[in-house]
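Below, each chain spelled out in residue letters.
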Amino acid sequence: MQNRRETLKQTAVVAGLLATAGFPQFAHAAFNKAAFDAKSVQDSAKAAGATSMAESKDVTITGPDIAENGAVVPLGASTALAGVKHLLIMVEKNPSALVAMFHVTDAVEANFSTRAKMGQSSDVYAVAIMNDGKALWAKKEVKVTLGGCGG
Amino acid sequence: MADPMRIRAQASGDKATVRVLMSHEMESGQRKDASGKTVPAWFIQEVTAKLNGKDVFSAEWGPAVSKNPFLQFNVKGAKAGDKIAVTWKDNKGDTRTDEATVS
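Chain order of the listed sequences is A and B. Using this note's numbering, the first residue of the first sequence is number 1, and each one after it goes up by one. Using this note's numbering, the first residue of the second sequence is number 1, and each one after it goes up by one.
None of these hints come from the bench; they were simulated from the model. All of these numbers come straight from a predicted model, not from anything done at the bench.
Straight line, CA to CA, 27 Å or less: simulated DSSO-like cross-link-like pairs of lysine-lysine:
#, chain 1, residue 1, chain 2, residue 2
1, A, 33, B, 89
2, A, 85, B, 15
3, B, 37, A, 33
4, B, 76, A, 85
5, A, 57, A, 93
6, A, 33, A, 140
7, A, 134, A, 85
Pulled from the structure, derived: some chain B residues nowhere near chain A, Cβ distances all over 10 Å:
#, residue
8, 3
9, 4
10, 6
11, 36
12, 80
13, 92
14, 100
15, 103
Taking CB as the label site, the calculated pair distances span:
#, chain 1, residue 1, chain 2, residue 2, range
16, B, 34, A, 133, 45 to 51 Å
17, A, 74, B, 93, 27 to 33 Å
18, A, 140, B, 10, 25 to 31 Å
19, A, 109, B, 35, 42 to 48 Å
20, B, 54, A, 74, 27 to 33 Å
21, B, 31, A, 65, 25 to 31 Å
22, A, 120, B, 55, 33 to 39 Å
Cβ atoms here follow ideal geometry from the backbone N, Cα and C, with glycine treated the same way.
Chain A on its own, in the form it takes in the complex (with noise of 0.2 Å):
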């Protein structure tokens, strides 16, 4: 049986511990796993917390169309939107989609490049999760002529 000062109890010590862990909030980003372990563009992107999803011509891929070293690839994620929570860069054919993550505020532009490894060919995607957990993506095709993955 269990009465209310125990259910209390047990709520403010499950508060607690939720405060320690941290959700992924500004500044203290607690490592978003189940996104990165999601195999999939789509999972990965729930995982983050999209709701929906649907191309759009406002959110933009900056990529080589072949890269000749898989293991560096410059990509980049960008948007003009507002209301951008997150930006995401994804190698659909990865073992996992998720490249990285970033975080968009009011101090950053959301428009953020950074280098990705490819294991094959494959298209590459850019999500911009909305503050309504709308996700909007766009993709290109990067073409590899050696991969980055194994080896």
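With chain A's structure known, arrange chain B on it following the hints.
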């Protein structure tokens, strides 16, 4: 301790472009060594940046980011003389912070 990062921050108009080159192995956890054992994943998980001590940027990375990662982002409202500090933390708990001045 890992090697220092190379940070370049350049002001243009009302924003500054920050380019960071980190020194990290970024082991994906997919590779196997000569004896066929999987090399455990070792990668940068979190990157944060502060402008004059105030948080402005944060990101989470997976193991698919390249070795010795490059990162570029734009900070609004940064001007020449401001201090930008970048911190990373890897999945082994190792961390490093380096600072640069916006020019």
